[in-house]
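With chain A's structure known, arrange chain B on it following the hints.
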Amino acid sequence: MESPSDLEKDLECMRVYFRSGATREASWRKQQLKGLLAFLKENEGDIMKALKQDLGKHYAEAYRDEVGTLIKSLNFALQSLKRWMSPKKAELPLMALLSTAEVIPEPLGLILVFSSWNFPIGLSLEPLIGAIAAGNTVVLKPSDLSPACSSLLANTLRSYLDNRAVKVIQGGAAVGEKLLQERWDKIFFTGSTQVGRIVMSAAAKHLTPVILELGGKCPAVLDSLSWNWDREASIKRILVGKFGTCAGQACITIDYVLVEKESLSTVVEMMKEIIGKMFGENPRESNSIARIVNKSHFLRLKNLVDDPAVKASIVHGGKMDEDNLFIEPTILVDPPLESEIMTEEIFGPLLPIITLEKIEESMEFIKSRPKPLAIYVFTRSKTLERRILSETSSGSVTFNDAIVQYAADTIPFGGVGKSGIGRYHGNYSFEAFSHEKAVLRRSFFTDFWFRYPPWNDHKLQLFKTAYNFDYLGMLLVILGLKRIKASHMV
Amino acid sequence: MVEELRGSFASGKTRSYEWRASQLKGIIKLADEHEQEIVQALRSDLSKPEMEAYVQEIGMLKNSCTVTLKELKHWMTPEKVKTSLITYPSSAEIVSEPLGVVLVISAWNYPFLLSLDPVIGAIAAGNAVVLKPSEISPATSSLLAKLVGEYLDSSAIRVVEGAVAETSALLEQKWDKICYTGNGKVARIVMAAAAKHLTPLLLELGGKCPVVVDSDTNLQVTSRRIIAGKWGCNNGQACISPDYILTTKDFAPKLVDSLKQELETCYGKNQLESKDLSRIVNSNHYTRLIKLLDDEKVAGKIVHGGEKKETELRIAPTILLDVPRDSLIMSEEIFGPLLPIITVDKVEDSFEIINSGTKPLAAYLFTNNKKLKKQFVMSISAGGVVVNDTTLHLAVHTLPFGGVGESGMGAYHGKFSFDAFCHKKAVVYRGFFGDAAIRYPPYTRGKLRLLKAIMGGGIFGIIRALFGWS
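Sequence lines, in order, name chains A and B. Quick note: the first sequence, position 209, residue 209 per the working numbering, numbers continuous. Quick note: the second sequence, position 396, residue 1396 per the working numbering, numbers continuous.
Chain A extracted, bound-state conformation (with noise of 0.2 Å):
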């Protein structure tokens, strides 16, 4: 790593560039976009590689999570550039007669991206996807303890990008908390609320904008569902949305499930056999699942169930191979609420199922804990489905379904509360590095004489009316054919 006055200089040469007005050309944007999607296609098998080395992840997996989305983001911001790039008229109100208004994006200057391990790949191209489209230079720091992905985006991408304009800095928290004392226009972090928070104290310094896109206990609703097919495709879904999304360690997994008393049997029967199926006899030799990240990780989770009680509520798999940074799929019913397995946010392949005597006490569950970034909710019930979007506050809401949120386009994604600070994806993700910049232009006719001093009564009448758009009022007042309630002028 660069000693500080070499980053200086290398920012500042960063900044010259930018101002040099080559990033904002519509040209070099699309250019870059497209050294992206080449980057992803030529390298598909190394960036598939390093996955598996870094995480374990299966292919299929690796595409569907990462490269695949990544793709998709990169094609709908080509197709979208020129939209997003156009000035947006605003409506004027009449008083202001020969004038234009518009708001027109333009860029913010020098973006840092930190990135975060579980979606190496992911989670640093998709930030830089939006940072470049909107016409910055950015500079990606990837997780250190996603090594392999990290080195092969410092390495490879400088062959597809403008290194004068995106610049790719490894390193651990040292170099992150370097980065961080220098000063940018936008710091985007994905990562844990914990050092969310010392990167928004940073950024204070500067008063950079920042977005923050956290994690939390994202719970899944799963209701009664009396129609076996729901009852399956939720459940599989819960289960792919656990254990098939990088063992458990996203943002945006399924924390733990909240079931009624009633249906608790018959959940985890069904659990257990889908997970044979899906998972095989011995989850391990499918690689289907991904592995923990590494040893420090593997025992934060090994210690969450070392808590007897905690062990006691283990209802399937618990196995954990240390040497092989592997747990198995693992189930756990109405473990203690007090225990850290119900306040931290797991992260990790452990499902706790907690029973409820009737599913509406979800509300207050969910309610009482932090906001997270999503409530998934399986169920046929419209009142449930109301009652949790209007009682609960979350960065998503999905009725049906898991993770899915995470591939659209069209809607934001961003927490809220200790979730995160801010959004993006599809046209979020030119917003969150733009700033729009307000524009009205006047001509030099159309002066109202009453704009100016000296003040008098007349004027304020003139003023009264105009303001309430009254411009038949206006107009009388203007004659001498009506007269406001007089006020007192000193």
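Don't take every hint at face value.
Unchecked claim - Chain A residues, not near chain B, derived (Cβ > 10 Å throughout):
#1 26
#2 156
#3 224
#4 268
#5 300
#6 321
Stated by the list, open to error - Under the rule of at most 35 Å between Cα atoms (straight-line distance), these lysine-lysine pairs were calculated in the DSBU-like manner:
#7 B/1082 / A/382
#8 B/1073 / A/418
#9 B/1373 / B/1254
#10 B/1346 / A/82
#11 A/9 / B/1373
#12 B/1371 / B/1260
#13 B/1185 / A/9
#14 A/34 / B/1080
Hints listed in this document are in silico derivations from the structure and should not be mistaken for laboratory results. C-beta atoms are modelled at their ideal positions from N, C-alpha and C, and glycine is treated no differently.
Relative to the frame of chain A, chain B by itself:
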């Protein structure tokens, strides 16, 4: 107190359209029925001329409320959005939900407007609000406390008066959003406090708003509009007031003459005593401004005004010509009735000067030259840009009002106020059918082909994959 407000918010009462509309109507009523008291308070705090008090504070606020009331139902409706093949079959919408309990810290220069305008947005979005008006405008602060208590629902809307100590205490609490209007120094303190709770912010700050005057312009209208934006806005104590002028060496004398002439038309010969000008808010700011004039780097540069009366905290409209760029007056936001003019050789040179500083809240250009207009709009980064006028964009509620960089983050006014105090929750509805086995392990080659085809879009790719042809 925050706990109490959380309780009110949790009860759900602030979420109904009826509650929000009733509060907004309450604000209009409050402004209508106490117009004179408000004008009096503004006169006491700032010697603000009644016209300015009415037009720029009361009028604007009532307008803001009226627009909000008119559109509120529409804004509150969830926005349906399209969904793509990837999540087929599904439907999606974006629901605007209130954040919870928000804190609005307001400023002293437009103490009525800048207190209640953000509160309008917070209420419209369904939040509970605490308003902390500035102690530097005490008459307005206590009037607000009284009127808000009388006209609005105190179980959800409160005013907390006080100075640094009270503000610091408020900042220690956990809020769901903080809106701060003021300067960059305090903004950093607000953001650092907000970081502890990961509270999102709306910061409306300031900056040195430049005015570029081209020789190819309608000189009289230009001068009048500069005067309206500078001295006609609280005597230059406004965040979007023209701070300094940039013009060519040749044109500067003409501009100065025109300004002098128009100033006399507006404020008469004795501009120091004119009742149509606000005074300086307090002795701290008075001393600060005098220091800018006493700076030896600007000695002899005063071409108009310069008169002052300490006992009445008055400074006459003052113009300085050819100030050096490293003078005190050019190093910080002036926020007063002093207008320095910087001269350049070519008008285009002014762009670089502006861009070498921090991004201001607003930038203004007066010219007839189409090319210059285009260049200015494209290359000057500011919160907002106005061509051939000053400050008016504030009154257009369909334009977002906010800064960038040092001049702030976020925007409000009109629908932007509503959006600023909402969480836009993404909602996706899926059915139980349309379940693609390709999503689930065990992963096979066939599934993978189909997955790739679907994600790549294109119906033919999908058909081919289904038939095993890709």
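Results for each hint:
| no. | hint | verdict |
| --- | --- | --- |
| 1 | 26 | 13 Å, holds |
| 2 | 156 | 21 Å, holds |
| 3 | 224 | 14 Å, holds |
| 4 | 268 | 19 Å, holds |
| 5 | 300 | 22 Å, holds |
| 6 | 321 | 19 Å, holds |
| 7 | B/1082 / A/382 | 21 Å, holds |
| 8 | B/1073 / A/418 | 29 Å, holds |
| 9 | B/1373 / B/1254 | 21 Å, holds |
| 10 | B/1346 / A/82 | 34 Å, holds |
| 11 | A/9 / B/1373 | 34 Å, holds |
| 12 | B/1371 / B/1260 | 29 Å, holds |
| 13 | B/1185 / A/9 | 27 Å, holds |
| 14 | A/34 / B/1080 | 31 Å, holds |
Violation of the numbered hints given earlier is absent; every hint is satisfied by the structure.
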